[in-house]
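K.L.:
Take these sequences, add in the hints, and give me the full structure.
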Amino acid sequence: RGLGMNTWRMGVEWSRIFPTSTAAVANGKTITAADLQALDALADQDAVARYRKIITSARATGMKPFVTLSHFTLPLWIHDPIAVRDSLDGRGADDPLPADLPARAGWLTDTTATEFRKYAAYMGWKFGDLVDWWAPLNEPMVVAVGGYVNVPGAYASWFPPGANSYAAARKAIETMVAANAAAYDELRANDRTDADRDRRATRVGLVHNMIHFVPSDPKKPADVKSTRNAEQIFNRTFPNAVINGFLDRNVNGKVEAGEKDPSMAGKADFLGVNYYFRGRITGLGTSLSTNIGLLDFLPSVTYRWALNPNGPPCPTTCSDFGNEIDIAGFGSVLREAATYKRPLLVTENGIADASDSKRPKFLVQSLHQVYRQAARRSKSAPVIGWLHWSLTDNFEWSAGYTPRFGLYSYDPQSLERTARPSADLVRRIVTGNRIPGPLVERWVR
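Okay, so the sequence shown: first residue is 1 according to the working numbering, each after it adds one.
There could be a bad hint or two in this list.
Capping the alpha-carbon separation at 25 Å, the derived lysine to aspartate or glutamate pairs in DMTMM-like fashion look like this [unchecked claim]:
1. Lys53 <-> Asp40
2. Lys254 <-> Asp296
3. Lys219 <-> Glu336
4. Lys358 <-> Glu416
5. Lys29 <-> Asp40
6. Lys219 <-> Asp326
7. Lys341 <-> Glu174
8. Lys29 <-> Asp269
9. Lys358 <-> Asp411
10. Lys64 <-> Asp129
11. Lys220 <-> Asp326
12. Lys225 <-> Glu256
13. Lys260 <-> Asp194
14. Lys379 <-> Asp198
15. Lys379 <-> Asp194
16. Lys254 <-> Asp326
17. Lys219 <-> Asp296
18. Lys64 <-> Asp269
19. Lys64 <-> Asp196
20. Lys219 <-> Glu231
21. Lys126 <-> Asp35
22. Lys358 <-> Asp326
23. Lys126 <-> Glu231
If you're looking for bench data, these hints aren't it; they were derived computationally from the structure.
P.N.:
Structural data, given as structure tokens:
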């Protein structure tokens with residue numbers, strides 16, 4: 001709040017609320033009051049009380065909480081990543097899913113969407129008096145790609161379960177689309193309290209990572225064509241499904257029989273855009289997969305950095321995370337996002353920069369792109385806000401604490417937080433509601 005911000009994004013950990021399975025609670029057409037009471041009996045009330053205390057404390061400072069229900073992790077009672085990895089090990093990347101998948105297969109089983117629906121209903125019921133802004137899922141395409149498309153030497157994030165199965169990636173997307181739709185409906189049904197007193201009790205949206213893809217060689221037709229395919233797969237597959245009701249099951253970019261489902265459409269009140277970097281695309285001329293028809297390319301999105309010392313050198317300027325900085329690309333993806341005709345909220349935007357030497361320029365130029373999009377004054381896709389990633393250095397999944405994204409440095413041993421110079425820069429911009437003229441002259445014009 002001292003930085004002038006009015007919104008605080010946080011995640012709730014599903015397994016903290018429900019440390020044991022909720023499968024025993026009925027899953028009828030409607031989640032009833034009795035079902036919610038049964039879920040309440042299963043919930044860890046200490047965890048519920050702690051989350052309520054945290055959110056209440058934030059509200060007391062004038063901050064609006066923005067709550068994400070699933071920021072990558074799943075409860076172990078619904079996902080055994082080691083067992084899933086082992087079941088996929090030794091199979092070809094384009095092979096179908098094995099018939100003997102583990103029962104706890106995470107997003108590879110419809111059960112996860114079923115239980116996620118209950119979790120969302122409970123959260124709306126239990127926290128609706130404190131929360132109006134919700135995101136069921138964080139970066140679902142990152143979950144699918146990072147967990148199930150890991151090609152050593154080419155592209156690998158090694159998110160659990162760390163497999164390489166195109167069929168699994170496709171199934172994970174399908175399950176998350178269903179989970180998002182169910183969570184959207186339950187949050188809207190069970191959060192009826194206008195906590196922010198703005199005449200809207202609930203806003204439920206998609207938090208979606210978008211990459212600005214460019215051809216490795218703009219003169220090569222294969223690279224140009226494959227760049228469009230990369231955009232279609234990564235940037236458009238999920239919003240097409242949850243906003244337009246078009247789930248491209250074979251990911252070939254064509255609307256075919258059984259791929260349009262009106263019941264899945266309109267399941268996002270706003271589109272959250274997470275933007276960090278550019279991706280360079282090398283076309284292969286033919287698809288690598290029968291499961292993902294448009295996959296006819298190799299992407300380059302990460303270059304040499306501390307935990308990847310043998311990676312290719314950065315072609316221009318990169319963050320500490322080995323990602324290529326592309327400010328103009330931010331404007332491009334905002335324009336692409338606006339085509340979905342939903343209010344745009346930048347839900348993540350930042351840079352890994354331990355020295356804080358690149359962050360000030362990055363922030364000023366990025367916010368200028370947000371300003372340019374807002375200046376379009378789109379009635380169908382107005383820009384409604386910008387959230388920085390992150391307030392403090394965070395545990396960056398498989399990269400640990402090595403990449404430093406925070407406006408405040410963070411020592412996980414002492415828990416000490418120290419403001420970086422860019423924190424004051426953000427405060428000046430936010431409290432003044434403008435980018436100071438000298439900074440525009442220095443870094444924008």
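K.L.:
Each hint needs a verdict: does it hold in this structure or not?
P.N.:
Now the hints, each set against the structure:
{"no.": "1", "hint": "Lys53 <-> Asp40", "verdict": "holds, 17 Å"}
{"no.": "2", "hint": "Lys254 <-> Asp296", "verdict": "holds, 16 Å"}
{"no.": "3", "hint": "Lys219 <-> Glu336", "verdict": "holds, 23 Å"}
{"no.": "4", "hint": "Lys358 <-> Glu416", "verdict": "holds, 23 Å"}
{"no.": "5", "hint": "Lys29 <-> Asp40", "verdict": "holds, 19 Å"}
{"no.": "6", "hint": "Lys219 <-> Asp326", "verdict": "holds, 20 Å"}
{"no.": "7", "hint": "Lys341 <-> Glu174", "verdict": "holds, 23 Å"}
{"no.": "8", "hint": "Lys29 <-> Asp269", "verdict": "holds, 23 Å"}
{"no.": "9", "hint": "Lys358 <-> Asp411", "verdict": "holds, 21 Å"}
{"no.": "10", "hint": "Lys64 <-> Asp129", "verdict": "holds, 12 Å"}
{"no.": "11", "hint": "Lys220 <-> Asp326", "verdict": "holds, 21 Å"}
{"no.": "12", "hint": "Lys225 <-> Glu256", "verdict": "holds, 21 Å"}
{"no.": "13", "hint": "Lys260 <-> Asp194", "verdict": "violated, 33 Å"}
{"no.": "14", "hint": "Lys379 <-> Asp198", "verdict": "holds, 19 Å"}
{"no.": "15", "hint": "Lys379 <-> Asp194", "verdict": "holds, 24 Å"}
{"no.": "16", "hint": "Lys254 <-> Asp326", "verdict": "violated, 30 Å"}
{"no.": "17", "hint": "Lys219 <-> Asp296", "verdict": "holds, 17 Å"}
{"no.": "18", "hint": "Lys64 <-> Asp269", "verdict": "holds, 17 Å"}
{"no.": "19", "hint": "Lys64 <-> Asp196", "verdict": "holds, 7 Å"}
{"no.": "20", "hint": "Lys219 <-> Glu231", "verdict": "holds, 18 Å"}
{"no.": "21", "hint": "Lys126 <-> Asp35", "verdict": "holds, 13 Å"}
{"no.": "22", "hint": "Lys358 <-> Asp326", "verdict": "holds, 13 Å"}
{"no.": "23", "hint": "Lys126 <-> Glu231", "verdict": "violated, 38 Å"}
Hint check: violations occur at hints 13, 16, 23; the rest are consistent with the structure.
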